Each structure stands twice: as C-alpha cells, then as structure tokens.
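S.K.: Hey, can you piece these two chains together into the complex? The hints should help.
Residue numbers (the working numbering), protein chains in the order written: chain A, 505 to 613; chain B, 2 to 114.
Please keep in mind that the hints were generated in silico from the structure rather than gathered at the bench. Quick caveat, the model's predicted, so the values are computed rather than measured. For each residue, glycine too, the CB sits at the ideal point set by N, CA and C. There may be inaccurate statements among the hints.
[What the hints assert, rightly or not] To give a feel for the contact side, a few chain B residues facing chain A, derived at Cβ under 8 Å:
#  : residue
1  : Gly-43
2  : Leu-44
3  : Val-51
4  : Gly-52
5  : His-98
6  : Gly-100
7  : Pro-102
8  : His-104
9  : Phe-105
10 : Leu-111
11 : Val-113
[Stated by the list, open to error] List of simulated lysine to any residue pairs, SDA-like, C-alpha gap at most 20 Å:
#  : chain 1 : residue 1 : chain 2 : residue 2
12 : A       : Lys-600   : B       : Pro-84
13 : B       : Lys-10    : A       : Gly-544
14 : A       : Lys-600   : B       : Pro-62
15 : B       : Lys-10    : A       : Pro-543
16 : A       : Lys-600   : B       : Gly-54
17 : A       : Lys-600   : B       : Ser-85
18 : A       : Lys-558   : B       : Ser-68
19 : A       : Lys-557   : B       : Glu-60
20 : A       : Lys-600   : B       : Asn-29
21 : A       : Lys-600   : B       : Gly-52
22 : A       : Lys-600   : B       : Ile-55
23 : A       : Lys-600   : B       : Lys-10
24 : A       : Lys-600   : B       : Pro-76
25 : A       : Lys-600   : B       : Tyr-65
26 : A       : Lys-600   : B       : Met-42
27 : A       : Lys-600   : B       : Val-61
28 : B       : Lys-10    : A       : Lys-559
29 : A       : Lys-600   : B       : Glu-31
30 : A       : Lys-558   : B       : Leu-46
31 : B       : Lys-10    : A       : Gly-546
32 : A       : Lys-600   : B       : Glu-60
33 : A       : Lys-600   : B       : Ser-68
34 : A       : Lys-572   : B       : Arg-99
35 : A       : Lys-600   : B       : Ser-81
36 : A       : Lys-600   : B       : Gln-18
37 : A       : Lys-600   : B       : Tyr-96
38 : A       : Lys-559   : B       : Glu-60
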Amino acid sequence: KNEVEQSPQNLTAQEGEFITINCSYSVGISALHWLQQHPGGGIVSLFMLSSGKKKHGRLIATINIQEKHSSLHITASHPRDSAVYICAVRNQGAQKLVFGQGTRLTINP
Amino acid sequence: NAGVTQTPKFQVLKTGQSMTLQCAQDMNHEYMSWYRQDPGMGLRLIHYSVGAGITDQGEVPNGYNVSRSTTEDFPLRLLSAAPSQTSVYFCASSYNHRGSPLHFGNGTRLTVT
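Okay, chain B solo, but in the shape it has when bound (with noise of 0.2 Å):
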C-alpha cells in the first residue's frame, strides 16, 4: 500500500490564483481530512469527509473547497489565493471517525506571494 499521497510537496502561487492540492489513499479508509499547520497554532481541521460524496467544514473552512467523489481521493481547492493562506498542509485518512489510527500525507508547503 503507498499509504496517502499528497501532492505536490511544495507550491508557490500568486495572491488570486488558484489550485487543488491533491490528497489520495489506498486502504479503503472511510474517513479523510485537510488541516494546515502553522507557526504556534498546531493543526486546524479545514474540511473532512466521512464517506464518498459526504463533507463537512472543520474550524477554518473559508477560502477552501472539497469534493469526494471517490473513497480514495479527497482534493483540496483553494479557490483564490490570499497570502494568510501561506501554510504547511497535510491530508490525513483513517478507517473510520469513531476511533482508529490516522494516516498522514507528507504535506504541502504552500506560499501565496
């Protein structure tokens, strides 16, 4: 199994654009999430997802857009970039939400310039 696959490892955008950072798992796992990490904040809960076309918004959901179309994949859209969404970004699934081991991506190191 390759585990979650995030991609690409870094990116750097221009205020205004936009992009979807990619997030896909092969174990079958039910449940997925995007969180950033930044500076003294730990991790925040952007959006997830506890089944194919089901999500829900997490503590910081604005400026960002999910879709689950798939088990496997769980994309993230940034639908137009703002520098305060400079941050490391990082997918993570698991079996299902009520009690089982996460699984991380490597990250996202993302720059909005």
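One chain only, chain A, in its complex shape (with noise of 0.2 Å):
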C-alpha cells in the first residue's frame, strides 16, 4: 500500500506570498493528483502529472519521480484561495487512488 504524506497539515499566509505544499509517498506511482477543496464545497481537479511541471495561472505543480516527491506552488496568494489541498496517487498498474490528509490553506488579506 502507498503511503502518501502531505506536509504541512495546517498553513496561514498573508496576501500575496508564495506557498508551497508538499506531498511525498512510498511507492512508484502512475500518477499523482492535486485536487482542491473549498469549506463546505466539492472537490475540483487541478492537475494531474506524472513527470515534471505543469502550470495554470498561478498555481504550479512538479513532480519528481526519483525522489518520490511533489510540489503545489501558489504564485502572489489570494484569501480565494483558502481551501484544502488534496495529494493522491495511483500506484503503477493499479486501479485505485490513495489520497494524503489534505493540506488547510488560509490567506489572510
């Protein structure tokens, strides 16, 4: 089973800072994705990689594969983007996700 880990858990940052979460799992992986949740909201997608960079407006995203490790960056942070970040992988040949704990995000303006 792969363990996914996302650091930190909790995260408060004033308007306009770069952040960046973190997720590191166990096993090879096929796939890893990024998701977004909002309090008391659904679930949207915002990347899913499986080797280097991706970005959209500004949020980036990398991975790298060696070291088992992925990044969620947040460019000039806005309190709209106060939400839970979600890691979750899909190990190779497998038909199933794991997902992290979630990281709690708030931007303070």
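M.R.: Written as structure tokens, this is what we have:
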C-alpha cells in the first residue's frame, strides 16, 4: 500500500505570499493528482502529473519521480485560494487512488 | 455536459434504514468511484468500477453495495444504516483508471441517528 504524506497539515499566510505544499509517497506511481476543496464545497481537480511540471494561472505543480515527491506552488496568493489541497496517487498497475490527508491553507487579507 | 451529478445533497436516516445515493455522469467515463470523507481521515475509497458490469471493493466497503449496469450510473446502496456511516460521500469519475483527470460530484452529507 502506498503511504501518502502531505506537509504542512495547516498553513496560514498573508495575501501575496508564495505558497508551497508538499506531497511524498512511498511506492512508485503512474500518476499524481492535486485536488482543491473549498470549505463546505465540492472537490475540483487542479492537476494530474506523471512527470515534470504543469502550470495553470498562479498554480504550479511539480513532481520528482526519483525522489517520490511533488509540490504544489501558489504565486501571489489570494484569500480565495483558502481551501484544503489534497494529493492523491495511483500506484503503477493499480486501479485505485490513495489520498493524502490534505493541507488546510488559509490566506489572510 | 452536466459532469457528475450526485443526489441527494443532504439526507438524514434512522439506524437500520436503507437508502441509495445516486451518481450519474454524462462524459462517457469508464471509471467511477465512491468515497467517504470524515474529519481528520481524508478521502477513503468505498467501491469503484472500471466499466459497466465491473465493480470492486475499496478500503471501506462494509455496509455498502454498488452496481454498474450502465456506463452513466453508479449508485451506492446503504443496506442498513449505522451511525458510523455518518459522513460526506463523494462520487468521482474519470475517462479511465490509467491516469486521467478526476471529476467529482458535489457530495452528499449523510447523517444517521
């Protein structure tokens, strides 16, 4: 079973700061997902990665397959970025996803 | 496209009652799955399906039943509700299980008294 660890568990920052959320996993994977969940809200897929780096607006996701590690960066953070960010991995050859516990991000104005 | 549609949004059950949570997608996705989300536990997989007629168990399948008679629909049945099944339930789908973006429903908040 793959163990997925996210850090930090909670993060509070000021508007405009550069944010980094980390995800580490223990077993080789075929894909890694970053998800966003606003308070009381649904879950939205931000990125799916198998290698390298992806960018969408102010969000950047990177993955280092050798290190078994991924990061989600938010540039010029805004209060609307306040949400829980969830990392999920799919093991090689597996049909199921394994989820991290999530990182609760709060951006203060 | 409506995406993934989950109903109902809220439900209160008494212990021992049964009910079905509905999930439908209109994107012709092969892969569909049900998760429960509890405080401090993250998302846990209940059951999943890689295509019509094919289902399998996830991490926490006990007390739940699924079927996949069509590509579009993947209902989750609670056979005899228990207070431990109080949770928020999410249905999700993706084009296939090999690595494609996930699409989630809006969730069902279930309380069992």
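S.K.: Min Cβ distance, B:Leu-44 to chain A: is it shorter than 8 Å?
M.R.: Since the shortest Cβ distance to chain A is 4 Å, the answer is holds.
S.K.: Given the hint that A:Lys-600 pairs with B:Pro-84, does the C-alpha gap stay at or below 20 Å?
M.R.: violated, 27 Å
S.K.: Hey, A:Lys-600 versus B:Tyr-65, does the alpha-carbon distance stay inside 20 Å?
M.R.: It holds: about 17 Å lies between the C-alpha atoms, which stays within 20 Å.
S.K.: Please check whether B:Gly-100 passes as an interface residue: C-beta within 8 Å of a C-beta belonging to chain A.
M.R.: holds, 4 Å
S.K.: Between A:Lys-600 and B:Gly-52, does the CA-CA distance stay at or below 20 Å?
M.R.: Measuring from Cα to Cα gives roughly 14 Å; hence the hint holds.
S.K.: Holds or violated: A:Lys-558 and B:Leu-46, Cα atoms, limit 20 Å.
M.R.: violated, 27 Å
S.K.: Straight-line Cα separation of A:Lys-600 and B:Ser-85 no greater than 20 Å?
M.R.: Not satisfied, since the Cα-Cα distance of roughly 23 Å exceeds 20 Å.
S.K.: Would you check the hint for A:Lys-600 and B:Pro-76, treating anything up to 20 Å between C-alpha atoms as holding?
M.R.: Judged against 20 Å, a Cα distance of about 18 Å means the pair holds.
S.K.: Verify the proposed pairing of B:Lys-10 with A:Gly-544, using a straight-line Cα cut of 20 Å.
M.R.: Holds, at roughly 12 Å.
S.K.: Is the hint on B:Phe-105 kept, meaning its closest Cβ partner in chain A is under 8 Å away?
M.R.: holds, 4 Å
S.K.: Against the 20 Å threshold, does the CA-CA distance of A:Lys-600 and B:Met-42 hold or violate the hint?
M.R.: holds, 17 Å
S.K.: Next pair to validate is A:Lys-600 with B:Glu-60; report whether the Cα-Cα distance is within 20 Å.
M.R.: Holds. A:Lys-600 to B:Glu-60 sits at ~10 Å (cutoff 20 Å).
Consistency note: the structure conflicts with the earlier hints numbered 4, 10, 11, 12, 17, 18, 19, 23, 28, 30, 35, 36 and 38.
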